[in-house]
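*Asks:* What follows is the residue order along each chain.
Protein chains: 2
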Amino acid sequence: MFQSPKLVYDTPSCPPSPLQASLMSTSSPGPLSHSTINPKVTSAQYAVRGELVIKAMEYEKTIQAAREASRPSGLDFDRIIYCNIGNPQQLQQKPITFFRQVLALVDYPQLIEHPSSPAIFPPDAIARAREILAAEPGGTGAYSQSQGIAIARRHVAEFIAARDGHEASAEDVFLTEGASAGVAAVIKMLVRDESDGIMVPIPQYPLYTATLALCGGQPVGYYLNEAKGWGLEMSEMKRALADARAKGINVRAVVVINPGNPTGQNLSENDIKGVVQFCQDENLVMLADEVYQANVYKDGDRFTSFKKVVRDLQSPIQLFSFHSTSKGVIGECGRRGGYLEITNIPADVKEQLYKLVSIGLCSNVNGQIMVDLMVAPPKSGDVSYPLYNQEVTGILSSLKRRATKLGTELNTMKNISCTSLDGAMYAFPSVRLPPAAIAAAKAAGKEPGTWYALELLKATGVCVVPGGGFGQVSGTQHFRTTFLPPEEAMDDVIMRMRKFNDGLMAKYEA
Amino acid sequence: MFQSPKLVYDTPSCPPSPLQASLMSTSSPGPLSHSTINPKVTSAQYAVRGELVIKAMEYEKTIQAAREASRPSGLDFDRIIYCNIGNPQQLQQKPITFFRQVLALVDYPQLIEHPSSPAIFPPDAIARAREILAAEPGGTGAYSQSQGIAIARRHVAEFIAARDGHEASAEDVFLTEGASAGVAAVIKMLVRDESDGIMVPIPQYPLYTATLALCGGQPVGYYLNEAKGWGLEMSEMKRALADARAKGINVRAVVVINPGNPTGQNLSENDIKGVVQFCQDENLVMLADEVYQANVYKDGDRFTSFKKVVRDLQSPIQLFSFHSTSKGVIGECGRRGGYLEITNIPADVKEQLYKLVSIGLCSNVNGQIMVDLMVAPPKSGDVSYPLYNQEVTGILSSLKRRATKLGTELNTMKNISCTSLDGAMYAFPSVRLPPAAIAAAKAAGKEPGTWYALELLKATGVCVVPGGGFGQVSGTQHFRTTFLPPEEAMDDVIMRMRKFNDGLMAKYEA
Chain A
22 MFQSPKLVYD TPSCPPSPLQ ASLMSTSSPG PLSHSTINPK VTSAQYAVRG ELVIKAMEYE
82 KTIQAAREAS RPSGLDFDRI IYCNIGNPQQ LQQKPITFFR QVLALVDYPQ LIEHPSSPAI
142 FPPDAIARAR EILAAEPGGT GAYSQSQGIA IARRHVAEFI AARDGHEASA EDVFLTEGAS
202 AGVAAVIKML VRDESDGIMV PIPQYPLYTA TLALCGGQPV GYYLNEAKGW GLEMSEMKRA
262 LADARAKGIN VRAVVVINPG NPTGQNLSEN DIKGVVQFCQ DENLVMLADE VYQANVYKDG
322 DRFTSFKKVV RDLQSPIQLF SFHSTSKGVI GECGRRGGYL EITNIPADVK EQLYKLVSIG
382 LCSNVNGQIM VDLMVAPPKS GDVSYPLYNQ EVTGILSSLK RRATKLGTEL NTMKNISCTS
442 LDGAMYAFPS VRLPPAAIAA AKAAGKEPGT WYALELLKAT GVCVVPGGGF GQVSGTQHFR
502 TTFLPPEEAM DDVIMRMRKF NDGLMAKYEA
Chain B
22 MFQSPKLVYD TPSCPPSPLQ ASLMSTSSPG PLSHSTINPK VTSAQYAVRG ELVIKAMEYE
82 KTIQAAREAS RPSGLDFDRI IYCNIGNPQQ LQQKPITFFR QVLALVDYPQ LIEHPSSPAI
142 FPPDAIARAR EILAAEPGGT GAYSQSQGIA IARRHVAEFI AARDGHEASA EDVFLTEGAS
202 AGVAAVIKML VRDESDGIMV PIPQYPLYTA TLALCGGQPV GYYLNEAKGW GLEMSEMKRA
262 LADARAKGIN VRAVVVINPG NPTGQNLSEN DIKGVVQFCQ DENLVMLADE VYQANVYKDG
322 DRFTSFKKVV RDLQSPIQLF SFHSTSKGVI GECGRRGGYL EITNIPADVK EQLYKLVSIG
382 LCSNVNGQIM VDLMVAPPKS GDVSYPLYNQ EVTGILSSLK RRATKLGTEL NTMKNISCTS
442 LDGAMYAFPS VRLPPAAIAA AKAAGKEPGT WYALELLKAT GVCVVPGGGF GQVSGTQHFR
502 TTFLPPEEAM DDVIMRMRKF NDGLMAKYEA
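Same order as they appear, the protein sequences are chains A and B. The first sequence lines up with residues 22 to 531 when you count with the numbering used here. The second sequence lines up with residues 22 to 531 when you count with the numbering used here.
Keep in mind that the hints are not guaranteed to be accurate.
Because identical chains share one entry, a pair is satisfied inside a single copy or across any pair of copies.
Here are the simulated lysine-lysine pairs, DSSO-like style, with alpha carbons at most 27 angstroms apart [as the list claims (entries may be wrong)]: (1) Lys82 x Lys376; (2) Lys371 x Lys426; (3) Lys209 x Lys376; (4) Lys376 x Lys76; (5) Lys528 x Lys421; (6) Lys467 x Lys479; (7) Lys61 x Lys209; (8) Lys463 x Lys376; (9) Lys61 x Lys268; (10) Lys268 x Lys467; (11) Lys520 x Lys268; (12) Lys426 x Lys467; (13) Lys479 x Lys76; (14) Lys371 x Lys249; (15) Lys209 x Lys115; (16) Lys479 x Lys376; (17) Lys61 x Lys400; (18) Lys76 x Lys371; (19) Lys329 x Lys61; (20) Lys435 x Lys294; (21) Lys61 x Lys376.
Please keep in mind that the hints were generated in silico from the structure rather than gathered at the bench. Source: prediction; values computed, not measured.
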């Protein structure tokens, strides 16, 4: 019989009897305790959703409870502004209309034939939904091929070819659950034991160190140069590699995040050539995290992909390139869409990657379709193009304005300096804490950057991530904040940050 | 600048020069080769999407190419019938109308306010979409909390409470990317090194052995008794545990799949009590894979959850329970929705689980909403209830008819026997191959069960999975097939299977 889930809850459980309760509380702890969890799990750190966010969620509950009881919360703010994570739609960025129209049509295909639909949906959205469902008759409710739906992989290959001016193949594209799942799969293939290491930038997006910790591999940090706008320096990469090899670490690969997270720098073609040559000389696999490729703000700057440079140079280096629907101007984070492209990867390695993604069956099909839409949006002449173009241009120019404003304002706050915000979605300013503030942090049992961020949260409701979560030169302090609050809220965020920061500096420098 | 993805592809790449080509082909292989991949990856096996499916996809391409060239394909079938995987909507099962209406509305919220909407959508679908968006103002495009959206977790807890008659808490529910991601997270926490093992049934769903291989842990197989309808026997579980401990394996947990995959058996409450007591006596964590809880077909049978029994017994055992939107009667596989519930798990272990899922940010929100709909569907009195009820009743009774028909017919095929198909979506019949057939398999370089399945595929286009992928008593042969082809196609599948099988048996018994 079908077990109907609509039964009413009619047999409440009894609390344990006193005897049973005492037996339960005195019985030995279960087999899974904090001390018997896989230590690779306990050692992993992921600050983007760590202590600060957990605290912010507590404040949010306090505010909610106070509101429901019509009493003051005791806090100096009435809502949390989540600047800890690049999550545009949480901060009121609107989705791209055409994309959502197509999703609605493929999720509920009866809409396509409905007589009212032409009054609601533009013809190109209807045509696109038909095209997707013709290619994938199982629709969004069927498992796709492990590698992802063919129509989206073909469009991804066309997008890459147009971007780079080099051929690309749908057979080399894997659709993944955001970029994160693709990165995790590749690191899992690379790391055999604790003697294997992967070079990651400092500061970095903590997915890399967290995944390395889970796989038991060594992060080999190379420092970006803050004084040169978080520039990448070949001498430092060589230093990091040599030091790691001297320690017996078998360095397998290099991660570059371009444009940078949390740093926002956009690499020049020459920088990229240098890294490719380095990988070729040193026999290293290249992981190119290019999820912010559409987030380049500086006039005259443009994004150059590692794939383009590898093909330009006809380099044989093994390259994994990652992209996502979560960033760019579309910001479809909750969709968990992404892809990875493999370049110069042998067939028998690709087979293993295929098997590995098969174990999770497939990435969600709705997310795969969002990848398809991201790489093949309405084009000039299409009915939906004017609106699409207006939306993406509007979002991009607004991001640019917010980046400029935040960068400028941070530099006027006491003891804060911030490099030019040229890409991605973040500022990663340096905060010079006076010795008395560092002493106060220590007295509170907190690392100074964490203490600063917790104090900022407590005073303003603005949730940022301490720099330690990304890595920083020892003795320096930073934090990462997005510039995603809506423009009308940005002034308020900046005002609150300034009041808090300048007040704190005045207090501890007194 | 926004890098427009609509550039035309205008700079085709040059092929490498002969010199470059020779350099490329003679250069040493890159750092990532089959022999330098993490051996935990190469050792993992996942037959459900393995050799048979890859072969089937090749045949599909042959058929497609022949069709496009208007020439015969040379094959004895004109399409592949994918019975390798429980993927109902790939085989034309229709989605539940109400669920898809709500998804369309939340994906494209402008629909909610559109003047045409009341002509298209029932008022309860519109109300539900409003409720979800009020609870999650970021909509489906924002990352959710790591643990999943609160409204769905609350509904899951209510569903569990109603099902089991015991309280459940939203704080103990994690929304996951299908059940698979939840299982992977728990196994990752449990397995520290190669001395840790987890008990899995034989036959099992290969997610378990594959994930154990990836984590470097030991599968400790306990055999289900085919002669007793794939029944679970405590003596065998004790035997398996004792043998593993004698080998020095630190057995951490037990997996039970109920109803069984690939075996379809539905455990009695007494069976479950026995397993719970066993875990309690032996200090083992319990993993209850209950994704087929709505797929129980035998008259008078009903599903009993491990959670219910643990609470009935007031047992302190540590339990992780898994459920999914992919199975049941809704079959939303591509949605990748699922949940795990924790019972008797200490707070500091839960924190680690929270951190682990945070590293992947969140499961896709569309899938989370499908979980919400699965556990809180229209109820009696709602506008959409009659259609919902008609759809789920229709699908369930059709699954039951197909299970009965396939089970009955398999038992009339030569050298095949099949237990009663009481649950889940699969038959796992035994095939007694004559010695000459086994010799033919060996001559072809194939394991006999794989050879049989490949021959079946080549002769009929029906894609099943060899029993070896699930585990079986040494020297026996089985295959797993779903009973998901539409009723009108089922007769044809059975006819083709019979013709192939009985012909093969006649040939090799001659």
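*Asks:* When the structure is checked against the list of hints, which entries are broken? Sort them ascending.
*Replies:* Numbers 2, 5, 10, 11, 12, 14, 15, 17, 19 and 20, in rising order.
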